[in-house]
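Chemist: One letter stands for each residue in the lines below.
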Amino acid sequence: MQPQNQTVTTLKPSTTPRRGGALSRLTHLARLEAESIHIMREVAAEFSKPLLMYSIGKDSSVLLHLARKAFFPGRIPFPLLHIDTGWKFKEMISFRDETARRLNAELIVYTNEAGKVAGVTPFTHGARYTDIMKTEALKQALDKYGCDAAIGGARRDEEKSRAKERVFSFRDAQHRWDPKNQRPELWNLYNGRLRRGDSIRVFPLSNWTEIDIWTYIHAENIPVVPLYFAKQRPIVDRDGLKIMVDDERLPLKDGEKPQLETIRFRSLGCYPLTGAQVSRAANVREIIEEMLRTTTSERQSRAIDADSAAAMENRKREGYF
Amino acid sequence: MAALTNKLAASAAPRTLDEFLAQQRDIDLLRFITCGSVDDGKSTLIGRLLHDTRQVFDDQLTAVANDSRRWGTTGEVPDLALLVDGLQAEREQGITIDVAYRYFSTPSRKFIVADCPGHEQYTRNMATGASTADAAVVLVDAEKGIRVQTRRHAHIVALLGVQNIILAVNKMDRIDYDRARFEAIAGEFAIYAHKLGVSKVEVIPVSALQGVNVVARGAKETPWYAGRTLLEALEGIEVPRDAGLKELRFPIQLVSRPDANFRGYAGTVASGDITVGDSVLALPSRKTSKVREITTADGPLPHAGAGQAVVVVLEDEIDLSRGDVLVHPDHRPTLARTFDAHLIWMGEAPLLPGKRYEFKIGSRYVRGLVDSIQHRIDVNDLSTREAEALDLNGLARVRIALEEPVAVDDYKLSRATGSFIIVDLLHFGTVGAGMVIAPHPSSRQNSDVVWQPTRVSAQIRANQKNQRPCVVWFTGLSGAGKSTLANALEQALVSRGHHSYLLDGDNVRHGLNKDLDFSDAGREENIRRIGEVSALFVDAGLIVVTAFISPFRADRNRIRERIGDANFIEIYLSTSLEECERRDPKGLYVKAREGKIREFTGIDSPYEPPLNPQLTIDTSKIAITAGVDQILRFLENKGFLNQADPGL
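So the protein sequences, as listed, match chains Y and U.
Going by our numbering, the first sequence runs without a break in its numbering and finishes at 774.
Going by our numbering, the second sequence runs without a break in its numbering and finishes at 650.
Chain U on its own, in the form it takes in the complex (with noise of 0.2 Å):
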């Protein structure tokens, strides 16, 4: 039989089908990625690869040719480019939105190629794609030279643990295939790969374009490079199996009781080896059993490895259940409830210490929040800085502090059970990616106490709340509405969710204040005390309301001091004092007019209404609800009132 295949390069290829059934049992799997900046021409070098590897059908070549004419970016050359993008936005813009798995093969190996996208909007994107990556290819503009975002991708490779990076660097043809202009970004990322503590790096100087160095060797273009062609460096890559943890992880994913006489615990070993017979610990419910057998569906197997999805039987008939990790007595992973972090902020909210969120850890969910930032990362120069929250896309390294003890690893030992992702409580989309650092084997007894957050401060409080707190200053005449307003904002607030707390004469006057009169001293340090109280809210984290008089600007001002400009929202109800009289709810107005109540503002004591006031509101123009309406738009546009994350 002639050479079987025209998909596969012709120097190894299966001669007979029998060969190549031979060799699909034996062809290993080499995840990659493509990241870079955009433009740097990641989706043309796929493109490249699958045609000089001919794994390009001929409709779809067609398609490219038709799709070439309409969208390409090449001119007469069909834009290889179109093999990849696949969305109708990403073909229309000429950018990549999301990562595009592409598949090819040669003799000696498979590969899922994971095309990601370049710009920083979506580098939660990228970030998908290179988490199961056993190596990355990072592309750069050989005219452009090293950007941001060449940097940032290289970075969140090393962050995810891809040891193997190739720097492509790429448009040699733009250069004229200069060998100095490509030493020289040889050199600069060498030295930030170096920093980053990446310890396999291949330079190559490529034109996908053109092909060269893809698949077929510049010969003509770079005879000054002797080194391998991207193709060969895919091809020579090892990717050891046994690396990292060897020590067994088995995360129980699901219990299998078929009937009553089976019981086994399924799942896929995570690294490590498991054998029949074995000792075994269940994490963290901390019960001991032995393997009594491993069971697949192909019929029983003495022992499982790493990446085998298997169902384990136990002697014993203890009561495990998904999430738990079964380990070896002597090799237990860390157990621990606080652990320290590097994340990847991917919320459209960011991402708020104090907070709660959920984390899936292995085949666990688990409350918690992120304890604090401990600083963020600049990709540019790796430099670190304070933050009180992390945006999206930011990267930082964070104290996770979770509600119950869970199993964990160094993620430079195991991607599998050093990893979690964490959950939105509101919208359940995925907001974040952490990889857990080094656990301090001395947190295994930290699994028994219960978190003390380092320092619970006034931010963590409103964190935890989902708000700012500040506190809302109703003043007006008496009868003007505010104490309606004030109940009827109340009501609204915690309908929403929030925390608040209404301060007025009824709660105020009778308890904490029942020893003041109503002399200047009095109402003096009436509200000084009404300030006090509503600062402590405020440190509580709380949004306050309050319905006092207050007449006088003095005063007024003193609280806001007290309270920060910032936080302090003064609102003025402008209705007249014919209004509140005509209203005169409680008849005070009527009193005062006959002399029987002294020193009543508006008849003979003085009312100062504000001068720059955050809001005005003549309550005898507008109903309650507007009045309402106005100031939660108000807040919600000052950032007091975080609003909902639109969601993933």
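Chain Y on its own, in the form it takes in the complex (with noise of 0.2 Å):
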């Protein structure tokens, strides 16, 4: 059982209601996804130039398959993007280039050059790293490609400070959040009203839970980036985390060698900073039956979030996804 390897030519009604007698009652996850198809389109038909925050993991994949829904027949009116550090997986990056052809999505690609050219990595310039290279790059982008809505993949079960986030997130012209002084948000009325140089960012998978998301993955066969799925990678362990040898840039330490051990990643993001997990979980239905029996949320595997409790908060007042 390898989704990643089927393209998902037809999809699988499983989530689509039946009508009994009366009308029947739909699912959770069959409201879950009139809920984020609903509001996929109430963004293509507010704002001249949304865009899709497409950071490849399965969140994305999800918010992807739910935009094709959303817009079938037609395509996905809005482009997707990508702020790539540089030091993504090798493997995300394929994926995502295999995923926009198959989609025949507009797929734009965007790095902080300044960053790059002046050398901020993940070993040189710690938290500001992300900084620079994710939450700078993201703000360049939006900037450049003057767009006003950009959809992501957030989660309220994520994190606490997205939990108390609106559906439709105001950011002022320099793309900051404010907590404190959030827009009402009643029903599903979206207020997709701004003035000049603000913005929104769009969260249709606020309400969805992680094993929603893969229940979720299973019911409709979505591909997944293969590194989800339990494999021997080579492995070191560095500050409490597992962080796997992508390639010859990660700097090895004195006495550290890459050992090989069947892994699996939780969520994904740049490597130097990802910790894997030890798994056995090979496939979907692997993973969901691992997920019933964890003891610790999906976050804690992020070298960004530990920090803090007030990390996240932080980098979402600054402008980070």
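To be clear, the hints were calculated from the coordinates, so they are not data collected in a lab.
Possibly wrong hints are sitting among the right ones.
Think about it this way: if two alpha-carbon atoms lie no more than 25 Å apart in a straight line, the pair counts; the simulated SDA-like pairs of lysine to any residue are [said to hold, decoys possible]:
| id | chain 1 | residue 1 | chain 2 | residue 2 |
| --- | --- | --- | --- | --- |
| 1 | Y | Lys-633 | U | Gln-123 |
| 2 | Y | Lys-522 | U | Thr-277 |
| 3 | U | Lys-640 | U | Glu-388 |
Fit the two chains together into the complex; they arrive one by one in their own frames, and the hints show the way.
Modeler: Following this line, the structure appears as structure tokens:
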């Protein structure tokens, strides 16, 4: 069972509710799916230059799948934006390009060239690396394309400050989020009106949980990056994280020697900052099974969130995804 | 395989992955909120629910233990509220500012819980959480009893149409699980809920801190309580999906035209059922056709029901657009420009009847206004009173008047087609949320009638212009700078978007007062007429600026009385006679000194300076721009110029 090898030409109607005598009840996945589709259609209707922030992970895979459904039989009516820090896993990049081809979608890849030229890497710049190569890069890209709405795959169950964020999350001209002064957001009446320069981040997966994502990926047979599936990969143990040696650029410390271990990733980011977990889950079913037993949260494997409880809120205020 | 999960309650936990997946296909979703007054323990209660249903991961518990030492309010015990309060300001202040959404599940149900802030100033955030809820858990502190915020929240929950209310009487541990006290609170709340028209209220004694009757039953603590625990109640709440409106409402979100051969209408079925072959009517365009196909990415459907996002293809090539609503021709909603609604005001600046806003109803934006506030509602005792304006967090019943007809239903029957938000036209923030009150079927005809305000008052004309009308009356010697300053002031007002009118010698003496001479009687009549014209312009909502010598106190005071003391702003230009004579812009002082002009103010006719002018300005001492700034600041401070709403 390796869904990434299948191309999705037909979509299984497994979450489509069937009609009983009276109107049948929608299952929770069908409700979530319909809500996300509704949100994406609102974006397409209300904004002049929307785009979809494509981060290649499982949530992005679901987001793209829902976007296809939302605009079927048409194409996805906005480009995909990938912020490439230069340190993503190789398999992510190949999956990204393959996905864009398969969906016939316009893909914009943006890198903060000034940061790259200045030699900003995860090893030399610590926490500032993420600020420069991700947050700054995203702001530069959104400004460059004059984007007024950026759709992202963030979920409220990921992290505490995300749990507070609106579906249509208002950003000022500096891309800042003001958590103490969010627009009220009632029913499904999303307010897309903006002053020039302001923008909205849109999160259609707000109400999905991690297990919903995997259950949906299973039900809909959605391709995901193979890094989610357990396999022998070269690993070094560093600061309590299992870091995969994805290429020769990872500077090895004295005595460090990559060992082959059977691991998988629960979430994906820049390889030098993303911890792997020892796992035997080699397909989606086994991942769901593993999740039902797990006792740690998804973001634990992210080096950037471990700093403090407020780390994510600060990043978001600055304009992070 | 042993019981598969440690995160699902043991009893009905699936034992194999396939059982789990089968259950996931069948499981439904309940959205609920927790609300109530600040410090009644909402966040702790949710923390307890998450903890006791084993939804909390180890690293999250460790983080809470760390945070508890720093910010916790529960001593040595981990402060479970910190699982929920996510913002730095919230953790520092120990309060909840905005809604936090949490997710948990039991074998029978998935839950989305919106933890709502208790402070009155964050009511709009609470309403945000409540608008999508199926049920509400209203908390009350057993020690403190029912408070204003408890009532306010229960009221908003009822207005928003949440029919299932659970009153959780919390902190029972603080009153030694006293049954009498619990029953007194339950009784008091039942009376209020009855007034609100809420049918189903369940009252449960709990201690979120000790975990009593939340998930685990408090057999020791509340042996006298035979009802359900909070979790049992939440699992048992019935949410009939086909309740409310059974008639088709399909608001068109998007026209799908991928190529010349396909034209479909994308949207989510708001209510009722749409079937291939159905005759449909589009509103407000009133075009009719038949459903040829219902398309989804998963293949065509024979029919679609409430909540489903689909694409509808019609038989005929009719031109519909976003905002149109498809309905069955025999079951139409009301098509109306005016209707009544309950309103929750969320703007920092007050709601002003007559001021234009934008309304989003379904997928449609229409401009319009609040014609009148019928009454505002006091949440404490549900009494109603008259109001000219509605402040932040105020509740009222209003009449809405839109520029174009829209399809609306009674909110009680249909949340989707009975709700709207109000958007400010300057900063575009969401400033209000409304719920349509049973629109009168006869108003079907009124869709063809242009809005007739019930009564166009001075207030409505002023609100429309976003200002409070007044008269800025300059007085002073000839050459003191009245016309210069008045002109500069008017320019500044207009550039800020205000509506003004300048009256001076040039436009009055040559027209309206052409028949008057410069005798005492002529001068008196001149000023009287200017006063009357000013009064009319104030009634029209304008800011009137006048530039006349107006030397006599008695004349000026008569106008002050005519306009009303509060709206008559007397500005004395105290520039000295020497300076005015030195300037002598029209050469009048020379002629007066030569005796060619008689009874010239300051020379051979007296000038009576105001005794209590609102402002005194000497134009020989300060620049014109500084004078204008001083006047603008005065007008702002007195509330004549509505300051720009800081926005949301």
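Chemist: Does each hint hold? Answer for all of them.
Modeler: How the hints compare with the structure:
1. Y:Lys-633 to U:Gln-123: holds, 11 Å
2. Y:Lys-522 to U:Thr-277: Since the Cα atoms of Lys-522 of chain Y and Thr-277 of chain U sit roughly 20 Å apart, the hinted pair holds (cutoff 25 Å).
3. U:Lys-640 to U:Glu-388: holds, 24 Å
Consistency with the previously given hints is maintained throughout, with no hint failing.
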